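As a plain string of letters, each chain reads:
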Amino acid sequence: MGSHGIRDRVAIVGMGCTTFGEHWTRSADDLLVDAVGEAVTSAGITLDDIDAFWFGTQASGVSGLALSRALHLPNKPVTRVENMCATGSEALRNACYAVASGAYDVAMAVGVEKLKDSGMSGLSGTTMPGAGDDSRGEITAPANFSLLAPAYAAKYGLDEDEMKDVITRIAWKNHVNGARNPRAQFRKEVPLERIRSAPIVAGMLGVFDCSGVSDGSAAAIVVRAEDAYRYTDKPVFVKALSFVAGPADGLMDPEYDFTTFPEVVASAQEAYRQAGITDPRTELALAEVHDCFTPTELVLMEDLGFSDRGQAWKDVTSGQFDLDGGLPVNPDGGLKAFGHPIGASGLRMMFEAWLQLRGEAPPDRTVRTLAEGRSLALTHNLGGGPGECVSFVSVVGSELTD
Amino acid sequence: MAGLIAYGAYVPHHRLARADIAATLGTRAVKGTRSVAGYDEDTTSMAVEAARGALTADGLRPRVGQLFLATAAPAYLDKTNATAVHAALSLDEHVLAVDMAGSVRSGLGALVTAARSAVPTLAVLSDLRTGLPGGTDESAGGDGAAAFVFGGHRDGAPVIAELLAHDTVSDELLDRWRLPGAPASRVWEERFAEEIYVDLAGKALGAALDRAKLSADAVDHFAVAGLHARACAAVRRTAGVRPEAVTGDLTAAIGNAGTAQPGLLLADVLDRAQPGETIALVVLGDGAGVLLLRTTDALPAHRAARPVAAQIATGSAPVPYATYLTWRGLLDREPPRRPDPEPPYAPPAHRRNGWKYGFIASRCEKCGTRHLPPDRVCVSCRSVDAMTDEPMEHVQGTVATFTVDRLAHTPSPPMLVVVVDYDGGGRFRCQLTDATEADAVIGARVEMTFRRTVTAAGVHNYFWKARPVRFGAGPEED
Chain B
1 MGSHGIRDRV AIVGMGCTTF GEHWTRSADD LLVDAVGEAV TSAGITLDDI DAFWFGTQAS
61 GVSGLALSRA LHLPNKPVTR VENMCATGSE ALRNACYAVA SGAYDVAMAV GVEKLKDSGM
121 SGLSGTTMPG AGDDSRGEIT APANFSLLAP AYAAKYGLDE DEMKDVITRI AWKNHVNGAR
181 NPRAQFRKEV PLERIRSAPI VAGMLGVFDC SGVSDGSAAA IVVRAEDAYR YTDKPVFVKA
241 LSFVAGPADG LMDPEYDFTT FPEVVASAQE AYRQAGITDP RTELALAEVH DCFTPTELVL
301 MEDLGFSDRG QAWKDVTSGQ FDLDGGLPVN PDGGLKAFGH PIGASGLRMM FEAWLQLRGE
361 APPDRTVRTL AEGRSLALTH NLGGGPGECV SFVSVVGSEL TD
Chain V
1 MAGLIAYGAY VPHHRLARAD IAATLGTRAV KGTRSVAGYD EDTTSMAVEA ARGALTADGL
61 RPRVGQLFLA TAAPAYLDKT NATAVHAALS LDEHVLAVDM AGSVRSGLGA LVTAARSAVP
121 TLAVLSDLRT GLPGGTDESA GGDGAAAFVF GGHRDGAPVI AELLAHDTVS DELLDRWRLP
181 GAPASRVWEE RFAEEIYVDL AGKALGAALD RAKLSADAVD HFAVAGLHAR ACAAVRRTAG
241 VRPEAVTGDL TAAIGNAGTA QPGLLLADVL DRAQPGETIA LVVLGDGAGV LLLRTTDALP
301 AHRAARPVAA QIATGSAPVP YATYLTWRGL LDREPPRRPD PEPPYAPPAH RRNGWKYGFI
361 ASRCEKCGTR HLPPDRVCVS CRSVDAMTDE PMEHVQGTVA TFTVDRLAHT PSPPMLVVVV
421 DYDGGGRFRC QLTDATEADA VIGARVEMTF RRTVTAAGVH NYFWKARPVR FGAGPEED
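Top line first, the protein sequences correspond to chains B and V. So the first sequence is numbered by our numbering: it starts at 1 and just counts up by one. So the second sequence is numbered by our numbering: it starts at 1 and just counts up by one.
The set of hints was computed from the structure by calculation and includes no laboratory data. Because the structure is a prediction, the values reported are computed rather than measured. Where hints are given, some of them may not hold.
A few chain B positions that, by computed beta-carbon distances, are all more than 10 Å from chain V [unchecked claim]:
no. : residue
1   : MET84
2   : LYS188
3   : PRO254
4   : THR317
Between beta-carbon pairs, the in silico distance windows are [to be verified]:
no. : chain 1 : residue 1 : chain 2 : residue 2 : range
5   : B       : ASP117    : V       : SER383    : 21 to 31 Å
6   : V       : PRO347    : B       : PRO74     : 54 to 64 Å
7   : B       : ASP165    : V       : ASP423    : 33 to 43 Å
8   : B       : MET128    : V       : ASP423    : 30 to 40 Å
9   : V       : GLY458    : B       : PRO74     : 14 to 24 Å
10  : V       : ALA23     : B       : ASP159    : 32 to 42 Å
11  : B       : ASP117    : V       : GLU334    : 45 to 55 Å
Where is the CB? At the ideal position from N, CA and C, for every residue including glycine.
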């Protein structure tokens, strides 16, 4: 028994990512075709070279056919995966294991979501027939995550105005980054005061504290590490993949205080163990985290070990996680600037790690930590909400560890 | 000795100022307020609240042998509404639970039937009075419920008021009527029925007093209920009881709750009456009925925990008339751009009756952890199938964190959501109702209340919500 990790056994050698946004003229199939096409081109191969597929979507298709039909794949294995908002990362994780196991030489992870066809605001999701006797089917995602804000503020002695300043700063930072990203849904900086005074959606959260709603797709090609340089001279090696589904006790257990995601702490510790990381704050060059709502990013800074407990709000305020900070977080603009097409987001995060570690991010978005010699990036992807969630953490790097 | 052994009243939290109706519609101003069922209440949910108030004494629920739910505004036709009340009260499955639904007079019917039943009987009177905008019924009506348990004397649940006598007179009379599904009642010219009711009331009261060998001036509390206001006033004036014995009808503050009005008036009298006093309750409508009761020494120690007067006093500031119209479905408002709410599905709802209706959680026999909702696997020690039932409807709690959901689909946005940590353990996240945003704060004290959370796809969903504690500490945790 044991979790062993697959550090440096597989590498990503090609990626694709569509622009994220309100793609009124493009279907989920269109987005898939585009992301997959870009990925195979970047790896210098054709679709026929891929042996197996892991396809992540929450609700934009069912079964492997949703991918094989769009691409008319000739009798290839396609596994459709779903793990709430971490679906895209889950597709990647399984593709990596498939290659590491020796079962396949070349695997592809693809994620897609088409949210803007429903005509609804927010996520529409899928529900099972229920008894009408719990709040899960009633509360919206922003309200669910907004539960963090008053609890965090109360625990660490922030008043409502101070807390609002902190989360406003997070939204501002991610929009600054997104303004430098041609693939983002929102490509404009937003003044602090406009963020702060935006109409309230839930609790303390205004419109700008919420990620957008968008369509998008992203894809990655995974091969054995020893084969990686046959495809590219700048492969991205997988150092750690960890995933946990929590015990779903936070909405039942008064011990849980809504200032942390224990699932994130567990998945981060496991990822750091696999990757051999002892001080993520100084070892990582960048982190792409699940900023579905601004208080989420705040709490994640502590759960991922980037800030001490109760200190993240100060680190946010001081710019520690800005593009030019000590540890840039969401340099691509995050869910805040990209929106959150559920099946695609995890792979979109990885796409930014891919660009940054390969030195392909535009100069005005390139993190300075790389020049300081750091070569590791983290992606974090979360599904569910405070009290019960699934959490994924990966660490990837541009160099093989000795 | 048999008689009344418990009672409880429920006046919903919300009020509507009659002056607001007048100001909005440009009609003649009328004084006072009426009680208004919340957007998440109906006659079934209010009946549950009243019955919970009546059944607070230990050991009372297992004694109840039958349950009658009387209402002129049943939440469902065909399907029994009393079974939802039965489920919410976690009564024994052999208890007969039936509706007396349709006519306002069914309130009298339930009371009289309960009073003369051989088995301990819970009679719940509940009504939600509607009328067309600008009409008398709209401003004069009220919403509310009251519950009474009649039975024999027992230690712990003694008779608090003996039934001295009762009498009923039935008369086929086109005074007030409503076709099924119609939004409002119709009434004949007021003066037509006035004299008839005075005569019928005199017959019923006279017969009851004769049976009890009492004269009218022996009555200490004279309560007259009915939707024919002129007739009620005339009966109060002419029945021959001492003027100081005539009780008010509460309509200035809460309006006339129709089917439930006799119950609310009787509960209000019981809240105040001294031992050894005689109560005459007269109910007018398609005839007349009289209950003559005499309070016992046991009354002061067994009054309802939430007096009618206190419920009136703690009512909300009036809701805007537009809000009232919206809640009653008389103002069709733009829905949020969100998926329609899901109705409850019959099989999962039935599987979870104990939880959904009774708010019965589970407790791990191995480690004592409470589980809301009930679980098979312990969240703490992970023991499997080592759970016992844990009733939670009476347990108060404290808000751990909260939010105001302005995006959620609710009949009355925004949706207030609280995470409740219960006294003695356990946590549950649910909606907060009868509250404003100012009530949703960390540390707020809350209690549970049974509500109709939503009606979706033609199905009412009943479940529990939290509400602010407004009546001091509730029953202590076991």
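So which of those numbered hints doesn't the model satisfy? Hint check: 3, 5, 6, 9 and 11 fail, others pass.
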